[in-house]
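Colleague: So the chains spell out like this:
Protein chains: 2
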Amino acid sequence: MIRFFNGKLLSLDGGFDVTEQEVWIDGSRIAYVGPAKPDMPGFEREIDLRGNLLMPGFKDAHTHSAMTFCRSLADDVPLQPWLFEQIFPLEEKLTPERVYAFTKLAILEYVSGGITSAFDMYFFRLSNAQSAVDCGFRYVVQGMNCPPEQAEEEYVKCNAMSPLVSLIPGIHAEYTTSVDEMKIVADIVQRHRAPFFTHISETKSEQEQCIERHGLTPTELFESLGLFEYGGGGYHCVWVSEHDKQIFKDRGLSVVSCPASNAKLASGVAPVQEYIDMGLNIALGTDGPSSNNGLDMFREMYLACVLQKLKCSDAAAGNAEAILRAATAGGARAMGLTDCDCIAVGKQADLIVIDLQKPSMQPVINIPKNLVYSGAKDCVKLTMVAGKVLYENGAFFLGEDPARIYETAQNELQKMLAE
Amino acid sequence: MIRFFNGKLLSLDGGFDVTEQEVWIDGSRIAYVGPAKPDMPGFEREIDLRGNLLMPGFKDAHTHSAMTFCRSLADDVPLQPWLFEQIFPLEEKLTPERVYAFTKLAILEYVSGGITSAFDMYFFRLSNAQSAVDCGFRYVVQGMNCPPEQAEEEYVKCNAMSPLVSLIPGIHAEYTTSVDEMKIVADIVQRHRAPFFTHISETKSEQEQCIERHGLTPTELFESLGLFEYGGGGYHCVWVSEHDKQIFKDRGLSVVSCPASNAKLASGVAPVQEYIDMGLNIALGTDGPSSNNGLDMFREMYLACVLQKLKCSDAAAGNAEAILRAATAGGARAMGLTDCDCIAVGKQADLIVIDLQKPSMQPVINIPKNLVYSGAKDCVKLTMVAGKVLYENGAFFLGEDPARIYETAQNELQKMLAE
Numbered sequence: 248m249i250r251f252f253n254g255k256l257l258s259l260d261g262g263f264d265v266t267e268q269e270v271w272i273d274g275s276r277i278a279y280v281g282p283a284k285p286d287m288p289g290f291e292r293e294i295d296l297r298g299n300l301l302m303p304g305f306k307d308a309h310t311h312s313a314m315t316f317c318r319s320l321a322d323d324v325p326l327q328p329w330l331f332e333q334i335f336p337l338e339e340k341l342t343p344e345r346v347y348a349f350t351k352l353a354i355l356e357y358v359s360g361g362i363t364s365a366f367d368m369y370f371f372r373l374s375n376a377q378s379a380v381d382c383g384f385r386y387v388v389q390g391m392n393c394p395p396e397q398a399e400e401e402y403v404k405c406n407a408m409s410p411l412v413s414l415i416p417g418i419h420a421e422y423t424t425s426v427d428e429m430k431i432v433a434d435i436v437q438r439h440r441a442p443f444f445t446h447i448s449e450t451k452s453e454q455e456q457c458i459e460r461h462g463l464t465p466t467e468l469f470e471s472l473g474l475f476e477y478g479g480g481g482y483h484c485v486w487v488s489e490h491d492k493q494i495f496k497d498r499g500l501s502v503v504s505c506p507a508s509n510a511k512l513a514s515g516v517a518p519v520q521e522y523i524d525m526g527l528n529i530a531l532g533t534d535g536p537s538s539n540n541g542l543d544m545f546r547e548m549y550l551a552c553v554l555q556k557l558k559c560s561d562a563a564a565g566n567a568e569a570i571l572r573a574a575t576a577g578g579a580r581a582m583g584l585t586d587c588d589c590i591a592v593g594k595q596a597d598l599i600v601i602d603l604q605k606p607s608m609q610p611v612i613n614i615p616k617n618l619v620y621s622g623a624k625d626c627v628k629l630t631m632v633a634g635k636v637l638y639e640n641g642a643f644f645l646g647e648d649p650a651r652i653y654e655t656a657q658n659e660l661q662k663m664l665a666e
Numbered sequence: 248m249i250r251f252f253n254g255k256l257l258s259l260d261g262g263f264d265v266t267e268q269e270v271w272i273d274g275s276r277i278a279y280v281g282p283a284k285p286d287m288p289g290f291e292r293e294i295d296l297r298g299n300l301l302m303p304g305f306k307d308a309h310t311h312s313a314m315t316f317c318r319s320l321a322d323d324v325p326l327q328p329w330l331f332e333q334i335f336p337l338e339e340k341l342t343p344e345r346v347y348a349f350t351k352l353a354i355l356e357y358v359s360g361g362i363t364s365a366f367d368m369y370f371f372r373l374s375n376a377q378s379a380v381d382c383g384f385r386y387v388v389q390g391m392n393c394p395p396e397q398a399e400e401e402y403v404k405c406n407a408m409s410p411l412v413s414l415i416p417g418i419h420a421e422y423t424t425s426v427d428e429m430k431i432v433a434d435i436v437q438r439h440r441a442p443f444f445t446h447i448s449e450t451k452s453e454q455e456q457c458i459e460r461h462g463l464t465p466t467e468l469f470e471s472l473g474l475f476e477y478g479g480g481g482y483h484c485v486w487v488s489e490h491d492k493q494i495f496k497d498r499g500l501s502v503v504s505c506p507a508s509n510a511k512l513a514s515g516v517a518p519v520q521e522y523i524d525m526g527l528n529i530a531l532g533t534d535g536p537s538s539n540n541g542l543d544m545f546r547e548m549y550l551a552c553v554l555q556k557l558k559c560s561d562a563a564a565g566n567a568e569a570i571l572r573a574a575t576a577g578g579a580r581a582m583g584l585t586d587c588d589c590i591a592v593g594k595q596a597d598l599i600v601i602d603l604q605k606p607s608m609q610p611v612i613n614i615p616k617n618l619v620y621s622g623a624k625d626c627v628k629l630t631m632v633a634g635k636v637l638y639e640n641g642a643f644f645l646g647e648d649p650a651r652i653y654e655t656a657q658n659e660l661q662k663m664l665a666e
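From first to last, the protein sequence lines are chains Y and C.
Per this note's numbering, the first sequence starts with residue 248, numbered consecutively.
Per this note's numbering, the second sequence starts with residue 248, numbered consecutively.
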């Protein structure tokens, strides 16, 4: 067992109270939350928090991890040339090995920024799932457009791979998928009673062109095909209609908002405050490193709040607690990780330690507001996934030296640029 | 002399080229930039950069440092109750000693985030200037509304206090200053041939109400009083008119944009891309910790870029290089720190080391884009002001233990809340 003691606890089990309770970990799970006891069990490690904060890890609920390879490769250019002239031609040079290497680079960034799981959508899903398993990182893979046999095979393989990995069916987006392909995924959804996720209404033209093509919005089209019968949700959801929102509400779907990416690509600002008011489940995602370019949930939380204030012309919109919940429990719910949402007995030990001795965390008046409005990655002291420490005080424990991960990524990228 | 070697150099002396040159520091100034030499002088310290990046420090060109005391005290509330019910009553309890203590807390945050100087506007200016001098931090104090004798005395005292400190005349804002008071400042401006800075057109109502009161915009009013005869500029500049922009252009004034604060208070998005296109000097400021709430120039740069992309509906707007320049040389120019803008022989040694071995800085394809789009405070390894290391690898060298600074700030805040 591992013992965390002498610190503050923001369990997010219910409200936002900060207590002084201890937390004990047994294997991958939380075994005890409460005061110190006179008769303690033997611990393999006792972690003195020295007054710092223990809290659930962040969930990055939409990302394309392996796109680390195109970080800073094509910024400050309009969307279409960015995608068609820069990104797509390079993506054709990807291999399973390259996706494995580029995903590992992203995992370094996740764990050093307090992210304990990611909901990934990309090519070579079994490769990037393997990367996560090899690092001890928790990963939800979104299934994408592929031939029916492969889709089924991936669904079964990925979900049997490791307790750290699962696959949720999905497609890339309406505008890259035929209705026949969607029906194949609908069949998997129906047979496995599985949720369904996809990019939805990220840009205005996506919404408009879908209506032109199908006489339906993307959300209406997916609903008409039965894809949402067992829940799920959409990434982005910037330009959804009133009827789309009602479908989200009726089906209990999650909105995964990606404020940084939507801003950087000039796509718009999702009506997150409206979603909150409707009682929808909100999660936050970084999107890929090509369009963000960081994998930083502190920045994402900050943007989620302040962009709502701007959008609503109201400094009270986008409040910090709602967004902190989205970045943790909301993400866990969207990703089907209902065991990883808070710090309570029986839950997975996916948690982080925040350094309250950083200047930006002082004075200690309101910890949730400090986290959202002045927190940054430098405050993360420790990241634990499934009871294993993957990052602590600048050091990584992922089974491979970071310098080697950097070198491999850099070399593979240079080869791709030269090919 | 101190020697930085074995690293990369982004000198920002001209363009954005990254070289492999060494940098030597003699006293407070840069003595040499170039390749290693066969006959080296004796160095008191040689800093092996191990491939990391040396660059000029960030300039926080608008802040109210001592407002660390109201961090996380009143967020997510509308502007008017925030200001009148929460902030103003507490500010009445400030003393010179409290301002000194709260400013020190901000300086910890500045140096750990790679900020080497701040342009401050607040009460008890001599106290917060003293705080900077005692820490070895570079500080530009903006003079504020006060009786004529005091204004003159502060101007002289502050500018004679230390090479680290200077005072630029100014007022808080049009809406808190009578025309008679402005004329007192205009007199100082004229006699000392000094630039003038103030809050300008932060909110729409500020702009509209000034027109109602004076038949002029704030910028027009200040111009009519001769306040801009020797240059200067404005903080925020969100709602300026076309004629205001022309005054900025004609007078060579600086715009200090505060994107995070303007977003968090729902004030709007300044037309920064337009200012760039006009060739104005742009600087970036965090504004105070009460309205931001972090003092984080990485977040500020990111927001400056992505908010322009949103505002212009163009992913090519707000490009990273222009904003990186604003956060460094643009700030230096606005603050009158023309000796601190880049890394070149004879310039002040106000510089930082960026850890390129952080996951978010990999792969190393385009360092300026990495800094702006995936950089964060955790990448700052070392901060030097006037040739002295104030922060290095998590440790502070400010003459006072951070734990004591935190404790004093926390205690004084508790007393203010109880008084």
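Quick caveat, the hints were computed from the structure, so don't treat them as lab data.
Errors might be hidden in some of the hints.
In this list, chains with the same sequence are indistinguishable; a pair is considered to hold if it fits within one copy or across any two.
The calculated lysine-lysine pairs, modelled on DSBU-like cross-linking and capped at a C-alpha distance of 30 angstroms, are [what the hints assert, rightly or not]:
| id | residue 1 | residue 2 |
| --- | --- | --- |
| 1 | K492 | K430 |
| 2 | K451 | K284 |
| 3 | K496 | K430 |
| 4 | K635 | K340 |
| 5 | K635 | K496 |
Computed from a predicted structure; not experimentally measured.
Colleague: Please go over all the hints and tell whether each is borne out by the structure.
Modeller: Here is how each hint holds up against the structure:
For a Cα distance limit of 30 angstroms, the shortest separation of K492 from K430 inside one copy, 23 angstroms, qualifies, whereas the shortest one across copies, 56 angstroms, does not. Taking the closest pair of Cα atoms, K451 and K284 never come within 30 angstroms of each other, the shortest separation being 57 angstroms inside a single copy and 58 angstroms across copies. Only within a single protomer do K496 and K430 lie at most 30 angstroms apart by alpha-carbon distance; the minimum there is 23 angstroms, versus 60 angstroms between protomers. For the identical chains of this complex, K635 and K340 are neighbours neither inside a copy (35 angstroms) nor across copies (48 angstroms), given an alpha-carbon limit of 30 angstroms.
Neither within a single protomer nor between protomers do K635 and K496 lie at most 30 angstroms apart by alpha-carbon distance, with minima of 37 angstroms and 58 angstroms respectively.
Checked against the numbered hints above, the structure breaks hints 2, 4, 5 and satisfies the rest.
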